[in-house]
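Asks: Since the structure of chain A is provided, determine the placement of chain B on it from the hints.
Number of protein chains: 2
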Amino acid sequence: MIKSEEHFLEIIDSLFPAVHAHMLVGRGDDCAVLECPEKMCMSSDLFLEDIHFRTRYFSPEDIGYKALAVNLSDLAAAGASPLGFGLNLIWPGYLEEEFCRRMLASMAALAREFDIALTGGDVSFGSSLGLAVSIWGGSPERHMLRARGNPGDVLFLAGEVGLARCGLVLLEENDPELDRYVQAVNRHLRPEPLIREGLVLSGHTEVKGLMDVSDGLARDLPRFCRPDTGVELDRDLKVHPLLIPFCRDRKMDPLAFALLGGEDYALLGACSSDGFGAVQKCLPACRFLGRITDRPGIYMEGKKLELKGFDHFEQ
Amino acid sequence: MIKSEEHFLEIIDSLFPAVHAHMLVGRGDDCAVLECPEKMCMSSDLFLEDIHFRTRYFSPEDIGYKALAVNLSDLAAAGASPLGFGLNLIWPGYLEEEFCRRMLASMAALAREFDIALTGGDVSFGSSLGLAVSIWGGSPERHMLRARGNPGDVLFLAGEVGLARCGLVLLEENDPELDRYVQAVNRHLRPEPLIREGLVLSGHTEVKGLMDVSDGLARDLPRFCRPDTGVELDRDLKVHPLLIPFCRDRKMDPLAFALLGGEDYALLGACSSDGFGAVQKCLPACRFLGRITDRPGIYMEGKKLELKGFDHFEQ
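Sequences listed follow chains A and B, in order. So in this note's numbering, the last one in the first sequence is 581, and the numbering has no gaps at all. So in this note's numbering, the last one in the second sequence is 581, and the numbering has no gaps at all.
Keep in mind that a hint or two might mislead.
Restraint-style ranges between C-beta atoms, simulated for each label pair [what the hints assert, rightly or not]:
1. E363/B <-> G563/A: 21 to 31 Å
2. S539/A <-> L361/B: 47 to 57 Å
3. P550/A <-> P493/B: 37 to 47 Å
4. R322/A <-> D445/B: 45 to 55 Å
5. D279/B <-> R553/A: 27 to 37 Å
6. T321/A <-> R446/B: 42 to 52 Å
7. E301/B <-> E272/A: 30 to 40 Å
Keep in mind the hints are simulated off the structure, nothing from the lab. By construction, the Cβ of each residue, glycine as well, lies at the ideal position given by its N, Cα and C atoms.
Same shape as in the complex, but just chain A:
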């Protein structure tokens, strides 16, 4: 059992470096003092037990990884270079110290991968496990914003949609066929932050805007487009092959399932029609998704799709 705040800080200090080029004064004082670039991107995301994850099928390592990964994904969508993060940890007394060590060791490994400093945070008792991460990084010269595409522009996608949701459903159902869907399950438990992709795309002048798809394309596409514009999806749009048997077994439409998605952490981008070839050349992971049109709504072959995405308050 974890006995005191000091005990926590010991664990954290044993796992996260005390020294980092970005961190002039580290953890342990009232504030960290940070060496900052002129423009910084900043974001934060909650990661709460039984809302965003369950300890039944998330290992401590998965929890530590994903709490940080979903925050990194926001930086990826801004084309930012990760620098540091803060962790607010709500800790239920019944969890063992070992759980905490494993969870934070996994978070530390991901932080190391992107060379970011844990600069501080807070820890407190609570009735269930919760992590609130705040993250920041250097901003690219051009801000990668939403609502910057125009009718005729290409919409593209890096990463998969629907796959994480497929994994979530299987995990929730405790499906006996989990082994067949390892990729989907992993996509839910361990989404990969597309930091490198975000950096490449923000450096590409033809890319007009970028966003991370966390609530599903159906919900996020309208957020990405201006209110006076809409989307015509590629009629040859392919869903991930795993969604085919998954949806067949459940009598669902694979495309609708993919578009509804949720927690995809894919990157959605807009780009001039002429420029898309060059974008794909330097980042083949970017797939053609469709085009921005001057008609609000999401259409495919002229037919309006009525889909509703994921909102924690409506579930």
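Replies: Using the frame of chain A, we list chain B on its own:
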């Protein structure tokens, strides 16, 4: 009732300005983009229902105020100039929209007072109300750190200790004499962030270190001093007059109670012996607390005081 994430964002946007000199890109995108000074101070604090506050005696306005105020207090201790903050809000479904509006309006008023921008955050359902604020500001040239004082240096205090704890005890007991102790109750519900004091002190070259006293002097003094040093408290140390009747009624020692304190949000500082007069001249609120000695522990008139402060994990 609050129905959706959008509903939340509407409330937030109606209360917090969308434009601020510090905020190049505001809320509503994946990241905020911030115009940053070269050195920033960064901190965050959790503020959780039934751990840090109770809705029985905290009004929504008190909650919104204090969640931000305790974070500002960390910046005060760093001598930093507040710039912006992020809010992660855990919202229990049973609370009314009006509660949210009142809570956030009060937070917005405090943000306005210190001219800081709410740059983003996250919101999610949860079983009880919780606020995780991250805050940052421009760092002073000299970092105001702990463990910088030497034996012989003066320790001083701006703000009261013990008073907030007195208020907490009365509120918890639902004491019929609450009206006699309005000042103590207010100190618990609405601690004043000593930002101006922190700025003045960090600009004063004789001030060697600064810290905000949030866990009580008994616990925070050893954190403020180096392990090889200790404290000799002023033998004429005065406690706040309200603590005298409060402790008499409860057969407690007022000095011990003041030193144990908790959530004082006073500023503790160290300063050269010769320089203290000048510090007091420019900030009369700074009171002589004692001196740093070369003997670890907290002493008064040569006698070691055995006191234990406040730790959420030991209560």
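Asks: Run every hint past the structure and note whether it holds.
Replies: Hint check:
Judged by the Cβ atoms, the range 21 to 31 Å given for E363/B and G563/A holds: they are separated by roughly 29 Å. For the pair S539/A and L361/B, the supplied restraint of 47 to 57 Å holds, since their beta-carbon distance comes to about 48 Å. Restraint check, P550/A to P493/B: a C-beta distance of roughly 56 Å breaks the suggested window 37 to 47 Å. Against the hinted window of 45 to 55 Å, the Cβ-Cβ separation of R322/A and D445/B comes to about 50 Å, which satisfies the hint.
Distance hint check: the CB atoms of D279/B and R553/A are about 34 Å apart, consistent with the given range 27 to 37 Å. Range check, T321/A to R446/B: Cβ separation about 48 Å, and the 42 to 52 Å hint holds. The given range of 30 to 40 Å is respected by E301/B and E272/A, whose C-beta atoms sit roughly 37 Å from each other.
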